[in-house]
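Residue strings, one per chain:
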Amino acid sequence: MILNNYIITYLVCSSLSLVIGLLAAVNGFLVWKKWDITNPADEQYRLEKKVYLIITILSLGFFLRILMTPLWFWTLHSMIISIPGAMCLVGVHNIAAPISYIASGLKLILPALYGYWLILNLLDRYVPTQPFMKQKLMFLTPLGILILAETILDASFLFSVPPRQVSCCTSLFDVPREDILQIATESTWIWVVIFYILAFFISGEIVYFLIAQKRSALPNRGRWFGKKSLMFFETLAILLLLVVFILALQTRISPLFLGLPFHHCIFCLLQEVWDAPLFFFMIFVGLTLFLIYFWVVSSANYRDVNELLMEEMVRLLKWSGYMLAGGLIILSIHLFLAL
Amino acid sequence: MRIAGHINLWLMASQNLRRWRGKSLAIVIPLILVMATASFMMFTRGGFVKDAEIARGFLPDVTVQGIEAGRVGKISLAIKKRIEEIPHVKLVIPRVWGYLPLKIEGTDAAYTMMGLDLEQMVYDEKLPWTIEKGAFLAPGDRNKAVLGQGVALSFKTDVGERFVVEDTVDVGERLLVEDTLGNRGEFEVVGVLNNTVQIYSTDLIIVSLEDARLFFGYGENEASDLLVYADSPENVDRIAWEIAGSFKNIRVLTAKALTDLVKEAFGRRGGTFQAMWLILLTTVLLLVWAQSAHISVDVSKEIGILKAVGWQTGEIIEMRMMESLILGLGGTSIGILAGFLYALLGTPGISGYCLGCASVYPKFPVPVNCDFQSIVLLFILGVLPLMGVSAIPAWLAGVVDPDEAIRR
Amino acid sequence: MIRVEKATKSYQSGKVKVRALNDVSLEVKKGEMAVLSGPSGSGKSTMLNVIGCLTRITGGRLWLADQEVSHFPDHFLAAIRREKIGFIFQQFNLLSGYSTWENVSLPLLPMGISEKERRIRAMKLLEELNLETRADFMANELSGGEQQRAAIARALINDPEIILADEPLSNIDTGHVRMVIDILRELKKKGKTIIVSSHDTQPSMASLVDRTVYFASGEISLQEELGEEL
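Chains as they are written, first to last, in numbering that gives the first Met the number 0: chain A, 0 to 338; chain B, 0 to 407; chain C, 0 to 229.
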């Protein structure tokens, strides 16, 4: 096992995150089983106290997860010198792919899921009947399982790095490999074009739903509330957009911004180009907030509380729009300057 | 809650910590000690790593060593010409060096004598040191030496010890060397190096190639290693692979590999220490738990009153978490500062451990480097576990029943 | 304004379940002053705490300002305590580590109001209660009567609609009793709804009282409105 300050620090954070996740999941399940608004008030109060524990530790957990994401990549970076052949993060990932890539992906997904829970909790607390209580408690079990899986993946990767030669990013992206489609590796503008088309579509949706949300208090409006099908559609659309974004970065944007025609490494892009983490973060957060909007409004209880939550939902959509637009603008300016 | 509300809670949290000074100090003082320990180790490790990084710029692109019976030994100069014929090789320079095992005041110490080809090894930016006093060796110099700072500093020995230096060895003085293996030499000190890259230069005695050959008993066609310089950085790896593939019984090291070796060694040492240090941190966390988990009747009543006048449970919890955050940030900051100062002072008392077993006899100043990432790691280690341990006590305080608390 | 319907409240005391309130119903209209009277342990303080949202009923229903709050979650009840209710405690319950004005302005802290603004609001109330000269004294340096006035100021800092006072006259000297009654009179004139719990009704307060509720063993034994039995 490679042992350095980063790995020890990361393992400490990972352990804390696991404890938080499991504690929240167990308590969430226990409260979910007994939660009933018609319970006697003191019984409900006893359960509410447990919910406060969950909120406390998940708030801490969210803050921890925000720190763990850059820390994970710093930790991987610190391992480069110990792995022959590795010159960047792709080399380190190749030690134990696909475990390493899944673990890295979870570093983006988990903060998003925590964010969803915290936003749902915030909205829930605006309404005396707390309509999302059961939904948010139920969510904690799969979240806890995911955190456990992530901890196992992290530990198995960090504890079992063998001292063997690995290949680096150029061999991954530039030399044609049978297991990767060429369209996903060669320098091409197609993914960038598809990305912008989808991004403008999603931006248009945000504007549409912003207007529609404001009008949703009027009679016969807000037909999308409670519709699970719309939630699935939007989730798929946004996931598709994210995948296309990654492909666009890999195939055309990285070589263009790094100034090296064969350098497709996204990790190098994020490390060496100062605004790359910024636009990446803004686009990711903007899409996540939009997705959270749909997950909330697709809840069966939402229609009854729409008017009470109107202001907050409009704010959510606005922030989603600002972040997505901001990220797209920064990316576009850089693309224009690089051409 | 508006941001101003959070700020007010922060201010009230600070006020509470001042009110309960004893409890706050009982948490913050051990935290300072523990973080100071982690800090100085991380900064000294960082110092060695930084030294290695700086030195990398001055190391030869490729170093070729001979292997005898699996161990590093002499290399024949017969391969020098063949290496020079490899495309993109600019220069190949032989070097003779060896360790000087000495007994200083009863303690074993190891210095390094290094002989350079002064005709080719031009004193310029390629050498990982600069002269602090005197001058570097000139081509043709014999029986002259340039010393690293560690060697030049003064120490006395008892009569009968092998290494005798009367006083601080300075420019113009004579250096008498007789090591425990019986090698003897006498040199006029013409220069002293500064400590830009201590890790490589502080224990050095630099002499001419011929003097080193005599001292260590090398033949005319032998050297300790060959220093290979490439015409451009892009060709270094290719040259290294070609040398490794062309000759037997040699070891080929690029500058990057040498640097990474040092970084990895010190990284591992830092990681091992930190793993043991976690025991100390756990002790502090248990102390914090013991202090925080018990809510006294007075505190409980106070919380009850706050809730009775309209404070929410979440606000009480937030305030208690902020108390932990303030203690964590404060204790960690002071600990980092203390650790940094201790490292700057040369880690008195444990400098030998910090330097490692192959240390130069005590005057070697421990290198220190304080970088942004180390500071971030230290804050993560000092603050987050503390807040983790404080979460449940904060919750217990927050869910105090106002009715019951006020009745007490 | 305040309506309680068949409220019950039980406490667990070791292995025994104690019924502090048993099927209690009462109503207090806006602007009225009601006195909850009865011996110690009769349930009047518990009733006050229930109305003040400091504790929850185990059965029955509770309305405050035309809103049913029986099943409100904890943070909603806290908001009601902050915005609509001012509670004056029997033991004053000032925080000893804070000055008088800081104690008075405690409810304003989490609302994000600046220190300057909080002091201004606190000083205004302290001046009305002739306590401005003691504003910077620590709470434990005040006399009983001064602490009572500070507690009243704290209860009024958010201009609540409902004032609840638990035995407000029992821990102060005669001179201050007169003063507190005058304060209650002024509050009633401003249209506040006031509920006072007292084991012993002061004759000088009788003219203010619109309704008296007598408690015994956790139940209402008698209710009188303006001297007439209900």
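Certain hints may be false.
[Stated by the list, open to error] Quick partial rundown of chain B residues pointing at chain A, CB under 10 Å, derived from the structure:
#1 170
#2 276
#3 278
#4 279
#5 373
[As the list claims (entries may be wrong)] Here are the computed distance ranges between Cβ atoms for each label pair:
#6 131(C) - 0(B): 46 to 54 Å
#7 115(C) - 25(B): 33 to 41 Å
#8 245(A) - 67(C): 35 to 43 Å
Derived from the structure by calculation, the hints contain no laboratory data.
Just so you know, even glycine gets a beta-carbon here, dropped at the ideal spot from N, CA and C.
Cross-check of the supplied hints:
no.: 1; hint: 170; in the structure: 38 Å, violated
no.: 2; hint: 276; in the structure: 8 Å, holds
no.: 3; hint: 278; in the structure: 12 Å, violated
no.: 4; hint: 279; in the structure: 13 Å, violated
no.: 5; hint: 373; in the structure: 7 Å, holds
no.: 6; hint: 131(C) - 0(B): 46 to 54 Å; in the structure: 30 Å, violated
no.: 7; hint: 115(C) - 25(B): 33 to 41 Å; in the structure: 35 Å, holds
no.: 8; hint: 245(A) - 67(C): 35 to 43 Å; in the structure: 52 Å, violated
This entry does not satisfy hints 1, 3, 4, 6, 8, going by the numbered hints stated previously.
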